[in-house]
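> Here's the letter readout for the chains.
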Amino acid sequence: MSAIEKSPWLIHYDASSCNGCDIEVLACLTPMYDAERFGCIVTGDPKQADIFLITGSVNNLNIPVVKNIYEQMPEPKAVVAIGACAYSGGVFAECYNVQGGVAKVIPVDVYVPGCAAKPESILDGVVRAAQILAEKKKAMRKARRAARHAESPAQEAAK
Amino acid sequence: MSSHDKAAPGPTVIPFGPQHPVLPEPLHFDLTLEDEKVVGAIPQIGYIHRGLEMLVEKRDYLDYVHVAERICGICSFMHGMGYCEAVETILGVQVPDRARWLRTFWSELERVHSHLLWLGLAADAFGFENLFHASWRARETVIDVAEETSGGRVIFGSALVGGVSRDPDDETLRRCMKAIEPVRAEILRLAQVWIGEPTVRHRLSGVGHVSKEAAYALGAVGPMLRASGVDYDARERGYEAYGEIEFKAVVETAGDCMARVLVRLGEIEQSFRILDEVVAKMPAGPVAVPIKGMPPVGESWIRLEQPRGEVLYFVRSNGTRQLERFRVRTPTFANIPAMVEAIKGVSLADVPTVILTIDPCISCTER
Ligand code: SF4
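Respectively, the protein sequence lines represent chains A and B. All letters in the first sequence, in the order written, are residues 1161 to 1319 by our numbering. All letters in the second sequence, in the order written, are residues 41 to 407 by our numbering.
Bear in mind the hints are in silico, worked out from the structure with no lab data behind them.
Coverage of chain B stretches by chain A, computed from C-beta distances (three or more under 8 Å per stretch; other residues unrestricted): (1) 89-95; (2) 111-117.
Restricting the straight-line Cα-Cα distance to at most 30 Å, the calculated cross-link-like pairs of lysine-lysine (DSS-like) are: (3) K1264/A to K98/B; (4) K1278/A to K218/B; (5) K1297/A to K1166/A.
Covered stretches of chain A (chain B as the covering partner; in silico rule of three or more C-beta atoms under 8 Å from a C-beta of chain B): (6) 1188-1194; (7) 1216-1230; (8) 1252-1265.
All figures in this text were calculated on a predicted structure; none of them were measured in a lab. Think of the CB as a built atom: it goes at the ideal place given N, C-alpha and C, for glycine as much as any other residue.
With the sequences and hints as input, model every part of the structure.
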């Protein structure tokens, strides 16, 4: 838990799931499981979100919506794909209108197993995503520092 | 609208959804507004469409139950059960008594958890977060009972062609009913908030009105229909064990958002009474009959009452292990015209409340 250095804000989108995993995501936010004790808040605005909770196998109509939400989220960001559907299409894998997994559309950081995924495992996924988020942030900082270092000798020479 | 805009604005079209904070599921509306009033709404669906009806052509007819249960994660058991009933009708199979009563038990349990879930979401839609959390906390106890008796929290997984796949003993059932007892008191307390709290009344009374005639003519079903004064509940058909249980449809006449809340509150109480009766009368015996071989050529259709209203299942068999056609007409789909009617005339701020009071389940609507 020590890896979490900020409150991750969550955004949830249902990309053609059966609803089972979605209500479990909601159950995570309510008093019994209470994801807020990890400092998480749910937001409806992708531009404020750090962790993207996505359920369902993604269909042809919602590909742009999923991409849109993902792209609007600021870096660093983490994606948690919840349920068997989000992994491979699950029971719907052979349906004509499913893509068969979130990873076909956007990069995924954490997979939560289950059909339906249990709230405990969803919480576990969120905590892991928060750790990944912290690592990504560190890496970003490092890269920025390195870029600054690389820049400064060149500026010196220009003078 | 700022006050120095002199020219009267024409109608404005505002997109609502698909990703919207109050909707757990994506639904899109183009709302036409005149000032703050909604004058028209064009729904667009398809964000959850998977095409699972066609899957029936690829799967074994006995295995398809698992897909049917995932038409919707909230009414999951009833979807599985409806499919099973339709197939059993073609097969001419008589389900054992205990299975019929267990099916009734899980159906009512699902109704309670679905209505509690809805009470929470509806409260959230008008910003009463406390009520949302209180409803969902009460719901968790119901879910625990579901998990203990069926093995699944939301996807029960206990529907089976020819009966049910789990057999909780009578002792467990009685213990579960005891565990659920505090929830009943909690719901009465919540009902007082819904009915007595002036802020709640203010947001719901007189909002999103649908007349009795309109509700009937637009083909509304379930609480949406009963809240407008039409006395119709498909459970009165007496499927499974409902024929042997005393109950009367909960009907309200106001036709507004408040009436829909009252119908659902009444139905939770009624479901608890049915659950009591079911556990008390639970017969002994086997819970499934073995099904072997191919289904005969034929077709059948079945009606059930889900938490959201009447649902229809149609199944056609061509004599092989893969059925030829499966069709579901789900309650939310039937309620969309009435919802569009209810949205007209409300102000923009009330749109989420009105949408929520039909208890939309998009995933079963689009399948
Ligand atoms: S993984 Fe299972 S429960 Fe979850 S959305 Fe998919 S079908 Fe539904």
